[in-house]
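Residue numbers (my numbering), protein chains in the order written: chain U, 1 to 295; chain X, 296 to 618.
Keep in mind that the hints are not guaranteed to be accurate.
[As the list claims (entries may be wrong)] In silico DSBU-like pairs for lysine-lysine, Cα to Cα no more than 35 Å straight-line:
hint, chain 1, residue 1, chain 2, residue 2
1, X, Lys413, U, Lys31
2, X, Lys413, U, Lys207
3, X, Lys413, U, Lys115
4, U, Lys115, U, Lys55
[To be verified] Simulated DEER-style distance windows between Cβ atoms:
hint, chain 1, residue 1, chain 2, residue 2, range
5, X, Gly462, U, Ala95, 52 to 58 Å
6, X, Trp350, U, Val244, 27 to 33 Å
7, X, Met583, U, Ser259, 22 to 28 Å
8, U, Gly114, X, Pro409, 28 to 34 Å
9, X, Thr463, U, Pro147, 46 to 52 Å
10, X, Val530, U, Leu183, 46 to 52 Å
11, X, Ala317, U, Leu282, 42 to 48 Å
12, X, Ile603, U, Ser259, 42 to 48 Å
13, U, Phe39, X, Ile347, 46 to 52 Å
14, U, Ala95, X, Pro409, 56 to 62 Å
15, U, Leu183, X, Met583, 56 to 62 Å
16, U, Pro147, X, Ile501, 49 to 55 Å
17, U, Ala26, X, Ile533, 21 to 27 Å
Just so you know, the hints here were simulated from the structure itself, not pulled from any lab data. The model shown is predicted, which means the values in this text are computed figures rather than measured ones. Cβ atoms here follow ideal geometry from the backbone N, Cα and C, with glycine treated the same way.
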Amino acid sequence: MTMTSQTPRELPHAEWGRVRQSRRTADRAMKIITTGFTFIAIFVLFWILGMLVVKGIGGLSAATFTAVTPGPGSEGGGLANAIVGSFVLTFLGIAIATPIGVLAGTWLAEYGRGKQLANLIRFINDILLSAPSILIGLFVYVILVEPFRGYSGWAGGVALGIIAIPVIVRTTEDMLNLVPAPLREAGAALGAPPSVVTTAVTWRAAKAGMVTGILLALARIAGETAPLLFTALNNNFWFSPTLVGGVSNLPVTIYQFASAPYENWQQLAWAGSLIITMSILLLSVAARRIVRGSK
Amino acid sequence: MTAVTDMTSAPSAPAIRKTPKATFDFVFRNASFLAALLVLVLLAGIMVSMVIGGWPAFREFGFGFITSSVWDTQNEQYGAWPAIVGTLATAMIALVIGVPLSLGIAIYLTQLAPPWFKGPVSTAIELLAAVPSIIYGMWGLFVFVPLFAQYVQVPLSNIVEGMPLIGTVLYARSPSGLGIFTAGMILAFMIIPFIASITRDMLEQIPSVLRESAYGIGATTWEVVRHVLVPQAGVAIIGAIMLGLGRALGETMAVTFVVGNANRLSASILDPGSTIASRIANEFNEAMGLQLNALIALGCILFFVTFIVLVIARLLVSRVKRY
Numbered sequence: 001m002t003m004t005s006q007t008p009r010e011l012p013h014a015e016w017g018r019v020r021q022s023r024r025t026a027d028r029a030m031k032i033i034t035t036g037f038t039f040i041a042i043f044v045l046f047w048i049l050g051m052l053v054v055k056g057i058g059g060l061s062a063a064t065f066t067a068v069t070p071g072p073g074s075e076g077g078g079l080a081n082a083i084v085g086s087f088v089l090t091f092l093g094i095a096i097a098t099p100i101g102v103l104a105g106t107w108l109a110e111y112g113r114g115k116q117l118a119n120l121i122r123f124i125n126d127i128l129l130s131a132p133s134i135l136i137g138l139f140v141y142v143i144l145v146e147p148f149r150g151y152s153g154w155a156g157g158v159a160l161g162i163i164a165i166p167v168i169v170r171t172t173e174d175m176l177n178l179v180p181a182p183l184r185e186a187g188a189a190l191g192a193p194p195s196v197v198t199t200a201v202t203w204r205a206a207k208a209g210m211v212t213g214i215l216l217a218l219a220r221i222a223g224e225t226a227p228l229l230f231t232a233l234n235n236n237f238w239f240s241p242t243l244v245g246g247v248s249n250l251p252v253t254i255y256q257f258a259s260a261p262y263e264n265w266q267q268l269a270w271a272g273s274l275i276i277t278m279s280i281l282l283l284s285v286a287a288r289r290i291v292r293g294s295k
Numbered sequence: 296m297t298a299v300t301d302m303t304s305a306p307s308a309p310a311i312r313k314t315p316k317a318t319f320d321f322v323f324r325n326a327s328f329l330a331a332l333l334v335l336v337l338l339a340g341i342m343v344s345m346v347i348g349g350w351p352a353f354r355e356f357g358f359g360f361i362t363s364s365v366w367d368t369q370n371e372q373y374g375a376w377p378a379i380v381g382t383l384a385t386a387m388i389a390l391v392i393g394v395p396l397s398l399g400i401a402i403y404l405t406q407l408a409p410p411w412f413k414g415p416v417s418t419a420i421e422l423l424a425a426v427p428s429i430i431y432g433m434w435g436l437f438v439f440v441p442l443f444a445q446y447v448q449v450p451l452s453n454i455v456e457g458m459p460l461i462g463t464v465l466y467a468r469s470p471s472g473l474g475i476f477t478a479g480m481i482l483a484f485m486i487i488p489f490i491a492s493i494t495r496d497m498l499e500q501i502p503s504v505l506r507e508s509a510y511g512i513g514a515t516t517w518e519v520v521r522h523v524l525v526p527q528a529g530v531a532i533i534g535a536i537m538l539g540l541g542r543a544l545g546e547t548m549a550v551t552f553v554v555g556n557a558n559r560l561s562a563s564i565l566d567p568g569s570t571i572a573s574r575i576a577n578e579f580n581e582a583m584g585l586q587l588n589a590l591i592a593l594g595c596i597l598f599f600v601t602f603i604v605l606v607i608a609r610l611l612v613s614r615v616k617r618y
């Protein structure tokens with residue numbers, strides 16, 4: 001009796017009891033490794049952000065936002081046309097994607113329940129969601145650039161829109177599915193047809209979540225580079241208001257300037273990277289806040 | 296519904312409230328249906344445009360387009376083999392490095408992290424997904440590549456030089472830091488947030504009764520993870536890994552920055568190479584004629600490979616969600 005009650009207390013780790021050393025080691029090793037892995041990922045995030053701040057902040061000045069991108073070998077310059085161009089393309093993309101994405105998500109959540117076709121569309125949408133963006137650039141090149149014999153901001157906007165649509169479809173459907181059915185039934189009981197129930201009741205109830213989806217889509221397309229290479233291209237001056245011909249934009253400017261031999265180009269590439277990354281990170285954090293607030 | 300419309304349109308009833316118009320209902324329903332159909336049309340459109348755009352190259356070179364390693368713009372000879380191998384090699388390296396890291400993060404977040412720390416860490420991992428791919432490319436090219444060349448490639452090449460097999464796979468002919476391995480490494484960090492967050496969600500869905508009963512019979516945390524949680528979430532974790540693979544295969548900008556963009560095939564993973572996406576991004580704007588078709592044909596191959604991978608991934612992930 002005395003023997004058995006005393007044995008655990010004599011062990012070095014009383015809380016472990018009589019656990020084999022090998023099991024203890026395996027457990028300890030797993031905890032250290034997984035914690036270490038997590039900190040590696042966090043470290044990389046802060047390494048990237050730190051690099052952007054250190055290298056980018058020196059290139060930020062009033063001229064960055066007012067002057068146009070410099071030509072090869074010229075002094076100074078800024079990113080004004082690239083920043084404005086990026087805004088135009090991104091909002092064009094969102095303007096195309098929002099109505100389509102919201103309507104498609106609404107159909108999946110409100111009209112398509114239990115339909116085989118809805119399952120197929122949902123599945124294909126999930127695939128489009130992770131389809132390589134360069135393929136979407138190629139697709140838009142084939143349908144909009146080649147036939148019209150020239151790069152244009154419209155093609156760039158369409159390419160970004162196609163990337164944004166699946167994001168908006170997915171979040172809209174998810175958010176509408178969270179709206180309790182009695183709300184819809186109450187609307188229908190008042191004599192409202194399905195379209196009125198959806199627009200006046202369901203959409204209103206799910207508004208915060210749907211806005212979040214649109215913001216996330218905005219964050220997703222704001223930094224896209226590959227699809228713009230073959231559609232909106234880029235140039236070093238103010239683009240034409242009709243958006244025909246190359247439209248300057250931040251991602252492609254960064255791509256072209258980053259490894260260029262001119263020091264002012266490199267400086268601007270870093271400044272542009274800082275601007276674009278910080279805007280996107282702020283946008284994603286804000287979107288997440290809205291979701292948490294509405295829940 | 297017809298009864299309601301009849302009542303409100305009756306002359307005796309005062310028209311105080313707006314009469315819902317049947318036309319609006321019809322238009323709304325069909326507009327949303329067409330928008331949903333557009334999703335299908337888009338995917339079909341991408342598929343058809345890739346096949347048609349790449350057709351001249353497929354017709355010219357036949358099956359040799361896939362197996363040939365020649366990419367000669369002067370003589371108009373095009374083969375996809377080095378780009379295909381580069382794509383698969385970078386994606387595999389990304390998985391080998393990225394999967395253990397992602398699973399470790401998911402396990403840490405669900406089993407070990409103190410509650411106050413969970414939120415910030417989750418956000419940090421998700422922000423890793425929000426960083427644009429071109430920024431990863433710049434980090435890779437200007438920060439990671441010089442360090443990698445100086446502290447890993449040069450010493451490693453000196454050690455393995457002349458060794459059989461290892462000397463071939465790990466020897467860098469020009470230790471510039473650029474190459475297939477560097478690209479895979481950068482890709483690993485880009486796919487971590489996707490794999491980690493899906494795995495985390497899957498682990499959280501497992502009923503806590505299962506965990507508690509395993510702890511109740513004296514299992515350690517590692518044993519609970521290894522013998523209870525991972526088998527439960529297994530299929531979904533494989534699905535998450537396939538989703539990460541889909542990302543890695545098609546990633547363009549980050550890879551273009553660091554892969555070295557060499558057209559020849561090298562046996563060493565430290566030598567420069569190219570992937571399908573990086574080849575397209577590099578050459579597309581200067582391409583004409585058959586080269587353009589060959590590049591779209593490359594895109595076509597990429598489309599079908601990622602399509603198959605993503606279909607499998609989605610099927611695996613959704614199969615588990617049901618219960």
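For each hint, the structure was consulted:
no. : hint                              : verdict
1   : Lys413(X) - Lys31(U)              : holds (15 Å)
2   : Lys413(X) - Lys207(U)             : holds (28 Å)
3   : Lys413(X) - Lys115(U)             : violated (39 Å)
4   : Lys115(U) - Lys55(U)              : violated (53 Å)
5   : Gly462(X) - Ala95(U): 52 to 58 Å  : holds (57 Å)
6   : Trp350(X) - Val244(U): 27 to 33 Å : holds (29 Å)
7   : Met583(X) - Ser259(U): 22 to 28 Å : holds (24 Å)
8   : Gly114(U) - Pro409(X): 28 to 34 Å : violated (43 Å)
9   : Thr463(X) - Pro147(U): 46 to 52 Å : holds (48 Å)
10  : Val530(X) - Leu183(U): 46 to 52 Å : violated (35 Å)
11  : Ala317(X) - Leu282(U): 42 to 48 Å : holds (45 Å)
12  : Ile603(X) - Ser259(U): 42 to 48 Å : violated (34 Å)
13  : Phe39(U) - Ile347(X): 46 to 52 Å  : holds (49 Å)
14  : Ala95(U) - Pro409(X): 56 to 62 Å  : violated (44 Å)
15  : Leu183(U) - Met583(X): 56 to 62 Å : holds (58 Å)
16  : Pro147(U) - Ile501(X): 49 to 55 Å : holds (52 Å)
17  : Ala26(U) - Ile533(X): 21 to 27 Å  : holds (23 Å)
The earlier numbered hints that this structure contradicts are 3, 4, 8, 10, 12, 14.
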